[in-house]
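Student: Turn these sequences into a full structure, and let the hints guide you.
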Amino acid sequence: GENVEQHPSTLSVQEGDSAVIKCTYSDSASNYFPWYKQELGKRPQLIIDIRSNVGEKKDQRIAVTLNKTAKHFSLHITETQPEDSAVYFCAATRRGSQGNLIFGKGTKLSVKP
Amino acid sequence: DSGVTQTPKHLITATGQRVTLRCSPRSGDLSVYWYQQSLDQGLQFLIQYYNGEERAKGNILERFSAQQFPDLHSELNLSSLELGDSALYFCASSVSGTSPYNEQFFGPGTRLTVL
Numbered sequence: 001g002e003n004v005e006q007h008p009s010t011l012s013v014q015e016g017d018s019a020v021i022k023c024t025y026s027d028s029a030s031n032y033f034p035w036y037k038q039e040l041g042k043r044p045q046l047i048i049d050i051r052s053n054v055g056e057k058k059d060q061r062i063a064v065t066l067n068k069t070a071k072h073f074s075l076h077i078t079e080t081q082p083e084d085s086a087v088y089f090c091a092a093t094r095r096g097s098q099g100n101l102i103f104g105k106g107t108k109l110s111v112k113p
Numbered sequence: 001d002s003g004v005t006q007t008p009k010h011l012i013t014a015t016g017q018r019v020t021l022r023c024s025p026r027s028g029d030l031s032v033y034w035y036q037q038s039l040d041q042g043l044q045f046l047i048q049y050y051n052g053e054e055r056a057k058g059n060i061l062e063r064f065s066a067q068q069f070p071d072l073h074s075e076l077n078l079s080s081l082e083l084g085d086s087a088l089y090f091c092a093s094s095v096s097g098t099s100p101y102n103e104q105f106f107g108p109g110t111r112l113t114v115l
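Just so you know, the protein sequences line up as chains A and B, in that order. This note's numbering applies: residue 1 is where the first sequence begins, and numbers increase by one. This note's numbering applies: residue 1 is where the second sequence begins, and numbers increase by one.
It is possible that some hints are incorrect.
Pair ranges (Cβ atoms, derived) [claimed, not checked]:
1) B/H10 / A/N67: 40 to 48 Å
2) A/K57 / B/V95: 17 to 25 Å
3) A/T78 / B/S80: 31 to 39 Å
4) B/V95 / A/S110: 17 to 25 Å
5) A/S9 / B/Y101: 24 to 32 Å
6) B/Y101 / A/S26: 14 to 22 Å
7) B/G3 / A/G41: 49 to 57 Å
8) A/V20 / B/S27: 36 to 44 Å
9) A/Q14 / B/Q17: 46 to 54 Å
10) A/N53 / B/L61: 30 to 38 Å
Because the hints were derived from the structure by calculation, they are not lab data. All residues carry an ideal CB built from backbone N, CA and C; glycine is no exception.
Tutor: Set out below in structure tokens:
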């Protein structure tokens, strides 16, 4: 089955710096890669996603890139702000899997003011 | 607020006991997913139901079972509880159970503590 590895497990940056979180997946049939943000004590919320037919997607300060050949995808956050502090999860799923998500173990991002 | 509700918010019980967690999906969503979140394992997919039928199984123990009712709410039953079952249990819902592209909306979770 699918396995998703996520690095780093913790990341600390200064406000205004960029943050990059990387994930690799094992199932070459995976075709959808969402990223979820979970603030302390709250539910995971989708922040951005990318399909396998797209190499990059941006939404304001957030971008995701996908390299299908290498089977890895990354989340990029620019101009980080203290409210970006949270745990970020990458996930993967594929057609035929009914949409159930296989998550990475998460990255705790701390943005220091 | 995602529109997904879960009850109870907290549950404290003893080893060997049985509990039921409840989830109501967003209005119009037919698919319900259950996830377990523990500190060392992250978010693990347990099981999915779509319009009353089981669609996919993940790392769900035999002691755990679930069902989705005609009104589309779902219940996750955990029996013969062990200390290691202590975790946050999330349910999520989406419009479709067949497309991987539909966003899953998570509920607030039920925190289970087994003593």
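Student: A separate judgement is required for each hint: does it hold in the structure or not?
Tutor: Here's how the hints hold up against the structure:
Distance hint check for B/H10 and A/N67: the Cβ-Cβ separation is about 42 Å, which falls inside the suggested range of 40 to 48 Å. A hinted range of 17 to 25 Å for the beta carbons of A/K57 and B/V95 is consistent with their spacing of about 21 Å. Hint check: A/T78 to B/S80, Cβ distance near 49 Å, so the stated range 31 to 39 Å is violated. Look at B/V95 against A/S110: about 35 Å separates their beta carbons, and that is not inside 17 to 25 Å.
Taken as a hint, the range 24 to 32 Å holds for the pair A/S9 and B/Y101, whose Cβ atoms sit roughly 28 Å apart. In this structure the hint that B/Y101 and A/S26 lie 14 to 22 Å apart at CB holds, the actual value being about 20 Å. Restraint check, B/G3 to A/G41: a C-beta distance of roughly 19 Å breaks the suggested window 49 to 57 Å. The given range of 36 to 44 Å is respected by A/V20 and B/S27, whose C-beta atoms sit roughly 37 Å from each other.
In this structure the hint that A/Q14 and B/Q17 lie 46 to 54 Å apart at CB holds, the actual value being about 48 Å. Between A/N53 and B/L61 the Cβ separation comes to about 37 Å, which falls inside the hinted range of 30 to 38 Å.
Of the numbered hints listed earlier, those contradicted by the structure are 3, 4, 7.
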